[in-house]
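With chain A held as given, fit chain Z onto it using these hints.
Chain by chain, the residues:
There are 2 protein chains.
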Amino acid sequence: MKIHLTRLDSGFHFEATNETNNKVSIDASESIGGGGKGARPMELLIMGLGSCSGIDILTILRKQRQEVSHFSISLDAERETGKEANLFTKIHIHFDISGQIEKEKLKTAIHLSLDKYCSVAKTLEKTAVITNSFSINGAKDDE
Amino acid sequence: MKIHLTRLDSGFHFEATNETNNKVSIDASESIGGGGKGARPMELLIMGLGSCSGIDILTILRKQRQEVSHFSISLDAERETGKEANLFTKIHIHFDISGQIEKEKLKTAIHLSLDKYCSVAKTLEKTAVITNSFSINGAKDDE
Chain A
842 MKIHLTRLDS GFHFEATNET NNKVSIDASE SIGGGGKGAR PMELLIMGLG
892 SCSGIDILTI LRKQRQEVSH FSISLDAERE TGKEANLFTK IHIHFDISGQ
942 IEKEKLKTAI HLSLDKYCSV AKTLEKTAVI TNSFSINGAK DDE
Chain Z
842 MKIHLTRLDS GFHFEATNET NNKVSIDASE SIGGGGKGAR PMELLIMGLG
892 SCSGIDILTI LRKQRQEVSH FSISLDAERE TGKEANLFTK IHIHFDISGQ
942 IEKEKLKTAI HLSLDKYCSV AKTLEKTAVI TNSFSINGAK DDE
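Just so you know, the sequences run in chain order A and Z.
Using this note's numbering, the first residue of the first sequence is number 842, and each one after it goes up by one.
Using this note's numbering, the first residue of the second sequence is number 842, and each one after it goes up by one.
Keep in mind that the hints were calculated from the coordinates and are not lab data.
Among the clues, some could well be false.
Unchecked claim - Once the Cα atoms are required to be at most 27 Å apart in a straight line, the calculated DSS-like pairs of lysine-lysine come out as:
(1) Z:Lys924 x A:Lys946
(2) Z:Lys963 x A:Lys963
(3) Z:Lys924 x A:Lys967
(4) Z:Lys963 x Z:Lys843
(5) Z:Lys948 x A:Lys944
(6) Z:Lys924 x A:Lys948
(7) A:Lys843 x Z:Lys948
(8) Z:Lys963 x A:Lys931
(9) Z:Lys963 x A:Lys864
(10) A:Lys924 x Z:Lys963
(11) Z:Lys957 x A:Lys878
(12) Z:Lys843 x A:Lys967
(13) A:Lys948 x Z:Lys843
(14) Z:Lys981 x A:Lys931
(15) Z:Lys878 x A:Lys864
(16) Z:Lys864 x A:Lys963
(17) A:Lys957 x Z:Lys843
(18) Z:Lys864 x A:Lys864
(19) A:Lys878 x Z:Lys963
(20) A:Lys924 x Z:Lys924
(21) A:Lys931 x Z:Lys946
(22) A:Lys843 x A:Lys967
(23) Z:Lys843 x A:Lys904
(24) A:Lys843 x Z:Lys904
(25) Z:Lys948 x A:Lys963
(26) A:Lys931 x Z:Lys957
(27) A:Lys967 x Z:Lys957
(28) Z:Lys967 x A:Lys967
(29) A:Lys931 x A:Lys944
(30) A:Lys931 x Z:Lys864
(31) Z:Lys948 x A:Lys924
(32) Z:Lys904 x A:Lys878
(33) A:Lys931 x Z:Lys924
(34) A:Lys957 x Z:Lys931
(35) A:Lys843 x Z:Lys924
(36) A:Lys963 x Z:Lys843
(37) A:Lys843 x Z:Lys981
As the list claims (entries may be wrong) - Partial pick of chain A residues on the chain Z-facing surface, computed with a CB cut under 8 Å:
(38) Leu886
(39) Ser915
(40) Ala918
It should be emphasised that the depicted structure is a prediction, and the values quoted were computed from it without experimental measurement.
Glycine is no exception: its CB is placed at the ideal position from the N, C-alpha and C atoms.
Isolated chain A, as found in the complex (with noise of 0.2 Å):
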């Protein structure tokens, strides 16, 4: 996998394409001196999970001919504070579905996704516990 990344302005803008030209813009934060002009780099992290759960998810219940017609994912990450690198210590991710789908079957893909398939789980899981919860067609559901 290849990456490149240029800087777009005289402070910290830049912007990332991948190998078929998709492009990502991400900045620092105005308070460390950023335009805020993109998503900042640990946001990426989370984003990449979101995503890397929620397309296994829509592999697994597509199989399972599942339909689903809304799909929303919101997380909420915490860092340690006050040290050199702050890493990722507790992630929360809820799933918002919303079409025909048996809960149980929903609960089974979200286990297989961010316990065995998806590659950011399992890399953010070195430093941070992962939890979830979801709603189907609004009605919340804690794991």
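Chain Z alone, transformed into the frame defined by chain A:
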């Protein structure tokens, strides 16, 4: 840190949003049924590594009154193959910098970032060996 993702189509295309409304387009590769409309989840981790270390290095060089006129970063990452989750095993990061920059100061900045300050590097090094090289004004130097 809060991140929200919404599925945009009937496939795997997601839009991720951070708390300051910066957006990142994410999709699966066409090989697994995605539309190729965004970066892939594991690519976001490598983009995070490049930008995290880039921001560190620019910050350190600025404190040392080094003048940077151009800065780009190329990363090459290898993953496991054939497993249920395929984690990163090796990541090489090359910094291509131009300006009035003393070589030893750049070397120190790179080491401080990758070995100490960059939270993405300290996360990804749990599974991958991270190596680096750099060029100053087109002259390459291998670490």
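Status of the hints after comparison with the structure:
no.	hint	result
1	Z:Lys924 x A:Lys946	holds, 23 Å
2	Z:Lys963 x A:Lys963	holds, 15 Å
3	Z:Lys924 x A:Lys967	holds, 17 Å
4	Z:Lys963 x Z:Lys843	holds, 21 Å
5	Z:Lys948 x A:Lys944	violated, 54 Å
6	Z:Lys924 x A:Lys948	holds, 22 Å
7	A:Lys843 x Z:Lys948	holds, 23 Å
8	Z:Lys963 x A:Lys931	holds, 16 Å
9	Z:Lys963 x A:Lys864	holds, 24 Å
10	A:Lys924 x Z:Lys963	holds, 12 Å
11	Z:Lys957 x A:Lys878	holds, 26 Å
12	Z:Lys843 x A:Lys967	holds, 20 Å
13	A:Lys948 x Z:Lys843	holds, 23 Å
14	Z:Lys981 x A:Lys931	violated, 40 Å
15	Z:Lys878 x A:Lys864	holds, 10 Å
16	Z:Lys864 x A:Lys963	holds, 24 Å
17	A:Lys957 x Z:Lys843	holds, 24 Å
18	Z:Lys864 x A:Lys864	holds, 11 Å
19	A:Lys878 x Z:Lys963	holds, 25 Å
20	A:Lys924 x Z:Lys924	violated, 34 Å
21	A:Lys931 x Z:Lys946	violated, 35 Å
22	A:Lys843 x A:Lys967	holds, 24 Å
23	Z:Lys843 x A:Lys904	violated, 30 Å
24	A:Lys843 x Z:Lys904	violated, 30 Å
25	Z:Lys948 x A:Lys963	violated, 32 Å
26	A:Lys931 x Z:Lys957	holds, 21 Å
27	A:Lys967 x Z:Lys957	holds, 18 Å
28	Z:Lys967 x A:Lys967	holds, 7 Å
29	A:Lys931 x A:Lys944	holds, 25 Å
30	A:Lys931 x Z:Lys864	holds, 23 Å
31	Z:Lys948 x A:Lys924	holds, 22 Å
32	Z:Lys904 x A:Lys878	holds, 23 Å
33	A:Lys931 x Z:Lys924	holds, 26 Å
34	A:Lys957 x Z:Lys931	holds, 21 Å
35	A:Lys843 x Z:Lys924	holds, 21 Å
36	A:Lys963 x Z:Lys843	holds, 20 Å
37	A:Lys843 x Z:Lys981	holds, 19 Å
38	Leu886	holds, 5 Å
39	Ser915	holds, 5 Å
40	Ala918	holds, 5 Å
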